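Undergrad: Given chain A's structure and the hints, the job is docking chain B onto it.
Sequence order for the protein chains is A and B. Residue numbers are given in the working numbering: position 124 of the first sequence equals residue 124, and the series is strictly consecutive. Residue numbers are given in the working numbering: position 3 of the second sequence equals residue 3, and the series is strictly consecutive.
Because the hints were derived from the structure by calculation, they are not lab data. It is possible that some hints are incorrect.
[As the list claims (entries may be wrong)] Cut-off 20 Å, straight-line C-alpha distance, at most; resulting in silico cross-link-like pairs (SDA-like, lysine to any residue): (1) A:117 / B:29; (2) B:64 / A:436; (3) A:289 / A:316.
[Claimed, not checked] Far from chain A, by Cβ distances over 10 Å, these chain B residues were calculated: (4) 18; (5) 23; (6) 39; (7) 58; (8) 62.
Note that the structure is a prediction, hence the values are computed from the model and not measured. Ideal Cβ placement from N, Cα and C applies to all residues, glycine included.
Listed below are the residues making up each chain.
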Amino acid sequence: MDSLIIKDLKANVDKIKKQMPCNYAVDYEIRGDFKDGYITLDKKTIKFRISISGIEEYREEKDLTLKKKTGLKTIIRISKIEDIEPISVAEFRVGKRKLKEVTTFEKAERTSIKITKKREYSSNIDKPSMELMNKFNEKGVKIPLDSATRLLQLKETKGVKYYNKVVDTLVTEIKRRQVDPYEAVGIIAAQSIGEPGTQMTMRTFHFAGVREVNVTLGLPRLIEIVDARRTPSTPTMTIYLKSEFEKDESITSRVVKEIENTSIIDICDIETDVEDMTLTIIPIKERLKERMVTLPDIIDALGREKGITILPEESKGRVIVKPQQDSYKRLYATQERLKTLTIKGISGIKRAISRKQNDGSWIIYTQGSNLKEVLELDEVDSSRTFTNDIVEIGQVLGIEAARNAILNEARRTLEEQGLEVDQRHLMLVADMMSFEGSIRAVGRQGISGKKSSVLARAAFEITTKHLLRAGLMGESDSLTGVAENIIVGQPITLGTGAIHLVYKRNEPAKQVQ
Amino acid sequence: MSKFNVLHHELVPEHHVVEIKEEEKVLNALGITKDSLPKISRNDAALKTLEEMHGKIEAGRIIKIVRKSSTLGFTEYYRVVSNEVFK
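Extracted from the complex, chain A is given alone in its bound form (with noise of 0.2 Å):
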């Protein structure tokens, strides 16, 4: 079912609110039947919702409650308006293509997915498994889903007593190696990361294996990751289709072809006539073949543009561009303008390349990263596609998935170095980097410069602004971390210096003589 999406200006939104239901006159003309639709201020975003009782030909004696200006054509009937939260207009199509912006009115359908619950883990674990993790939980331990795997496996081949014995020998282990209350857990974890990073290359480019597709690994990739940069220097995405397709190439190779960005001089040349002043615009064949562009879709490009009028030549298979004003200048800016006409493609994804794994099933890396986009393409698994950059995972995905995502690409960075770090000191490091809901860096920008403490902050970094800032503005400071105990003099609160001891004096009992 179509909508009407219609942009418009907010005077006329509070009119329409004030006076409601009314009928609504606009000087373009709209055919067909809508029950709904929706106003964007902005041709971006859409933040009101109406309801629609009709729409008719504009007529002089009908009674209009509202105006917009002369050559009316059409007349709208509002009944109801509301405020939503925005939308942005990419939810909606017209036919295949994406909405990206409304100027005046559009008819176009919102695509939407009923959304489900998420399937609980515990749903996928066979009950033996789950009963057996249900027990050590009673006796106050967690064990992870492969270790009683394991620990099952050894009851069927070394009996039961055994079983028994090991299953009890675990607890106590894993109780004696817990963390300490306040055990310094930090520090334990800088120090983890940072001895084996001094063993890390200090530049590794690697070919991951894929042909051309460059990615950052090594120390500058993991300091890439605790920096929390808002773009990785080497943004690469792995797109995983969905299991039906992802055995078949040519599907592959389509969607390849559909998410690369094409742009003009990658398939076309371009002339440039000084003495009539057009630009013709001269498509190779084979390349177009290569990339599956049509010349109507280059000319449906160019339609877009503005300032510009396109003159097609489809018989000699070209097109000639003319610039609306007639100077060298303009006719310079426009050809280097065109040169870089997204044609097709997503944006932000300089080039695709598919591999084969060893099973058989095709997996494409790209260079350059838009995984919103790409996440809603139909032949694409959106459940395991993903991108190195973990910004645009928090932003796209959520700030869990960007912990999760911290953690995958810091482990994975080590993995590759042929280093072991253990697991929590880097869970660690992602539970504080998304503490705040939001992704911080390590450092003076995030988690340093936003501790409580005065002292704490001045002793890391930038110290006269903040003692400065903390005078003016009358901060206090509660002496509960280390730096600032350290710095007064006081014993610090970890370890023993945490607990306070009372001596109980008993009255001293009589020497013997």
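TA: The following block gives chain B in isolation, referenced to the frame of chain A:
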């Protein structure tokens, strides 16, 4: 809503909204107050998808997250909905 379900992605763990009457129980078990819980911003993608199912989730509500962990099997984690916007 977009064409894919954020909650079904491998990287996204289970998100559950904690009932208001259960909140106190959760906080007592952890021995902390609400403002020392980790936060989840109100425009978080996973939270937005949860809202599609549960209706508006106000700031201050607690979200229970069940993570799959390679060291502990499953762990429960709690985040409180904050007013800040994800940057």
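Undergrad: Are the Cα positions of residue 117 of chain A and residue 29 of chain B separated by 20 Å at most?
TA: Given that 20 Å is the threshold and the Cα spacing comes to 26 Å, the pair is violated.
Undergrad: Is it correct that the beta-carbon of residue 62 of chain B has no partner in chain A closer than or equal to 10 Å?
TA: Holds: least Cβ distance 13 Å, greater than 10 Å.
Undergrad: For residue 23 of chain B, is the shortest CB-to-CB distance to chain A above 10 Å, so the non-interface label stands?
TA: About 18 Å separates residue 23 of chain B from the closest Cβ of chain A, which puts it past 10 Å; holds.
Undergrad: Please check whether the beta-carbon of residue 39 of chain B is more than 10 Å away from every beta-carbon in chain A.
TA: Given that some Cβ of chain A is not farther than 10 Å from that of residue 39 of chain B, nearest at about 4 Å, it is violated.
Undergrad: Is residue 289 of chain A close enough to residue 316 of chain A, meaning Cα to Cα at most 20 Å?
TA: holds (17 Å)
Undergrad: Does residue 18 of chain B clear chain A by more than 10 Å, comparing its Cβ with all Cβ atoms of that chain?
TA: holds (15 Å)
Undergrad: Measure nothing beyond the straight line between the CA atoms of residue 64 of chain B and residue 436 of chain A; if it is 20 Å or shorter, mark the hint as holding.
TA: This hinted pair holds, its Cα atoms lying about 16 Å apart.
Undergrad: Would you assess whether residue 58 of chain B, listed as outside the interface, keeps its beta-carbon beyond 10 Å of every beta-carbon in chain A?
TA: Nearest chain A Cβ is 14 Å from residue 58 of chain B, so the label holds.
Hint compliance for this structure: hints 1, 6 are not met, and every other hint is.
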